[in-house]
Amino acid sequence: MKSPLLDTHPFTWKLLGQSPLYEIGEMNNDMYAAAMRENTIWHYEKNETYRAYCRLLKFDPKSDLLESADIGRIPALSADLFKHFDLSGPHSPCALTVSSSGTSGHPTTLSMDEETIIRMWKMGRATFEEEGLVSSSPVHYLIFSADPKNSPHYGNSLFFSSLMEFAPAMDVTYAVEPSSGGVFRLNQEKAVDLLRRASGTGEPVRVIGLPALISSIACDTPPGQVRLNPESLVLTGAGWKANIHTGMSKKEFRGLLCRVWGLSHDRVRDLYGMTEHAVHYLDCPEHHFHAPVFSRVSIIDPLTCGPVREGEAGVIHLMNPGFTSMPLQSLKTADVGRNVLCTCGRKTPAFELIGRGGRSRFRGCAATTLERVQHE
Amino acid sequence: MNSAFLFGDWNKNFILSEDGIRRVIGLARDRRDTLRKTPVKEICRAIGRLSPFWSADGSYRKKYLMTRPEKTLGLSTPMITLGLDMFAASLNEENLVRRLDQQLGGYGCLDAFVERGGQSYRAEPLGVVLHVVAGNVFFGPGESLFSGLLTKNVGIIKAPSGGWDFLSLLVMSLNEIAPDVARTIGLLYWPGGEESTERAMVSGVDGLLIASGSETIAAYRRYALPHTALIEFGPRASLAVISSSAVARLDMGGLARDVALWEQTACTSVQCIYVEGEENAAKVAERLSVALRDLSARLPEGSVTLDERIDIARLRELSSFGAIQGSARLVLSFPDSTTTVVLELDSNFEFSPLRRCVRVKPYKTLDELIGALEPLRGILQTVGLAADLRELPEYRDRLCAAGIRRICGVGWMNQPGPQAIRDGVLELQRLVRWVEVDGT
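Chain order of the listed sequences is A and B. Counting in the working numbering, the first sequence tops out at residue 438, every number present. Counting in the working numbering, the second sequence tops out at residue 443, every number present.
Just so you know, the hints here were simulated from the structure itself, not pulled from any lab data. Predicted model, so just to flag it, every value in this text is computed and none were measured. We put the CB at the ideal spot given by N, CA and C, even for glycine. Treat the hints with care, as some may be off.
Said to hold, decoys possible - Covered stretches of chain A, going by a simulated chain B footprint (3 or more residues, C-beta under 8 Å):
#1 108 to 118
#2 140 to 146
#3 170 to 181
#4 375 to 386
#5 392 to 401
#6 413 to 421
Chain B with its partners taken away, still in its complex shape:
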């Protein structure tokens, strides 16, 4: 028995039985037509009006911070408030409209047929979309839900573990300012891996937006019916690349932010930093460890689980022995902190234990760097690139071809702009079905 928000009503004793799921799906389907007929500008306005509630001094932001999310999220309060700032900014009405324009070629296609190149098109919502989004970036599930709403999809959202407080307050805030829009949302929680619940849920919806680990995605894919639209965001790896010409003027504070934001749990967080030349790599490693130390005064580290501490200790010890035996050169860490910068001498990409642990690796040529990324081709996400202007075109071209989905400047890896494409996908395009009127 759990609390649930069911399309306008809170139910404190909701049982997610077969009957319960049928009821949720039924209610969601009933709301499809209402939301479809709501002008998209009205939806943007409703979402936009939420922004002050979640900005500094916003009432719902305060309520959320009072739930003491630091423990469940493993983030410090300043990190959480930074996230809330970014989330509140993402709700800006103008940005939402611009995002629709950019991805759908004009928001009007969601309300009516529009003429383009002599043809009539309309972007029709999928219908009911189930959102299963991991809470590694705590406001990510909220953003996903709003992407669905923007495209007039009724949303059923599964709160991730530790994500209930944020989502329930978000839904409450929407219910307060735009109850008609809130009536198109169902918020539920069930522990991940409950096959019967997940199968029943996914087989009842028109679309599934899932951002999670490979195993979870594979499971939901199995449960989905052949005609269910699947929008998948799997695990990703991100890196920074610094050419020798960019070392001297490198934004070290920005690189530290790329490592530290969300304690490295985002798909866009840097896990490995490639620097052209071993001596340059050593300089970057040393300066980065200082920058990370400085950053921790403003954005302190969050609480760390025992498992994470075991993994970090393992990295430090293996690297220290590597330094003795010649495979590593530097291990920079602080006794009271999880921050760890390791300079390893091979160019193999390796995953970090997270929590501000990063490997710096030298590369001699761009070919060597691209070769090191080959095993990650399918999962590469963002690269924070620092190179001389003359080098940039070649770096960009080669990184694109290597499988990278997003290239940005160092310091911006975890702060994509309001119009950013999500993980190489025009997400809003995937949430609609294009209807074409041809020759009628």
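The following block holds chain A by itself, in its conformation from the complex:
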């Protein structure tokens, strides 16, 4: 894919081609800093609202981002801001509009230009390749969200479907279907049927979606009825906070799938990300998240934006130069996380997600999806 902005964003494109993915050295760190500077100046110059906000904070990327260490000075914008204000710049022709949440009163509607989509694709591909999860063998896909054709702007549907990129599809089953009155329902029968079929033929399945929906199917699977091909893969994205209602932790979830579907632990993987951020973080074999070379993740205090003490809970701050359509390069989430020590061998710092923060029930796509699903 050819980047429309290759000439004006050379550092970003060099950064996206870096490997290994989880090893930060002086060279790729400088490249990351240059890409962040490039991206921030782009938004500053093209986006009037963003420029006004930077000026309010007395921040000018051209004079304030001179060294790698200065990258932390880029103002962190709350994900919530994008729910209330249209921060897309007129400079980027919109190729895709994505909604991250729709029922809590303030849906986030993001516009993505072609450049952003290409970058997201490239970073996603690099992540899955690094983890050895790109395969040329065809698989059955069982997707626990609606077909994007039925909800074309809905972030989760688009995201889950995008994960079919990494292995060819024999067929695709969407287990969540539109029902009357704009409500979606989980078609349990359809999902179980596919799993039984794949179990019988021994063909691999890739199960993708929210853990609450996947676990509800797994819990109802009688022991010994489904044994999936060991190359099968379960990919979950978000929804862990909502899963608290079912009382199932990530570890219990993995244990359940290993027990009832015969998967090994490393074939049950979780992704952390959000529509407002261009990177999705795939958990390591120890089930922690690590930032790849093209992004930085820190745990910060929401008020001061300074780092919290090692191991202390704070909000997750995500930095990445992927978005050109909106100033999302330094995103302060409402997710609470903490840094953890990880012995998986990856050399970038590890973090874990604790849950959603704030009292005003800032909720993401996962909760919305669950609300939209009516069980049969």
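With chain A held as given, fit chain B onto it using these hints.
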């Protein structure tokens, strides 16, 4: 297994099982008659004698402060000591008698039939009252318990989360000076939301006094039997209103206290300040931020949770962008503090993330102000009003009609007087049943 004070005895290993609850209810019912026969003046005297124990240098106050309540309450020590001062003052015997007189038309009706207008009346206690009171104002559950005692109701009180130390020391102090009265109290703790415990408790009592969030109230309402007396205090919203004529001589320190006391968690805490005219609103916002800064030297901010910090950061950022896009004008905050004053240009009432964060909003006419309050009609509580003497009658009249329960001067929103009506309700009246002797 938890500690519990069961009508005169401490039980360190109390199990709140079905049997345990039955025992508590049984003991409470056994005490009804004794308390009913105790002269009300004696109860007032017992409560009044507690005051020195909780005033400055009082032994129980010292014990309480030694439990380091700052962390559990999220309040600074000076704020807690101010609360203890106010609580100790509320125990004054004369004030208690006056409160009974005001709300029941004379305390004597609790001891015997009294003649009024040719009829005989007696105020009979409900019997056993369960108190479920949130600890947002930490001494609130104690005040509630004493309202019950004043009306001769045996009390079972559920300690709110973080409220055990205060209530257990309060009960200890009462047990020390008036053991007979303390024998009519049960103090327990269980985590909120335990349906079986809550259902069993509420179905065994004669009355329920609950001050909490909507969901908790709705749950208890479901558990109560049809004949259980319910005295409910739900969530409320309070505001300040400042007319243009009052801006120049506004008690800014008082307004800062209205914002800051109990870190804005009380129902009476101001969340939005309405000021007549945009320029006046800007002046008030600027002066208020300075006053809040000054106040924090005397009443420092308490510890703030991560969730609260997230919400405050969100307010600041949304308002800053609002200022760029024209929906807000000023965002005044301090980097080392949670104090935030925002001047927004629309008149919609909005809830604050608390911890000294307040929105200032201009209004052009009284009609516009009243219109902005319409969506809050059922939950409006206190208004701190500053207006010219000639304007006051109309403001009061229109605010009353809008649903306000209490109007006071700026600076007094969180410090109701000893005779104040609680949340629009004569609370003591609700804690008794009137018995009338007619034609016998």
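Please flag the earlier hints that this structure goes against, numbers listed from lowest up. As far as the earlier hints go, only 3 is violated by this structure.
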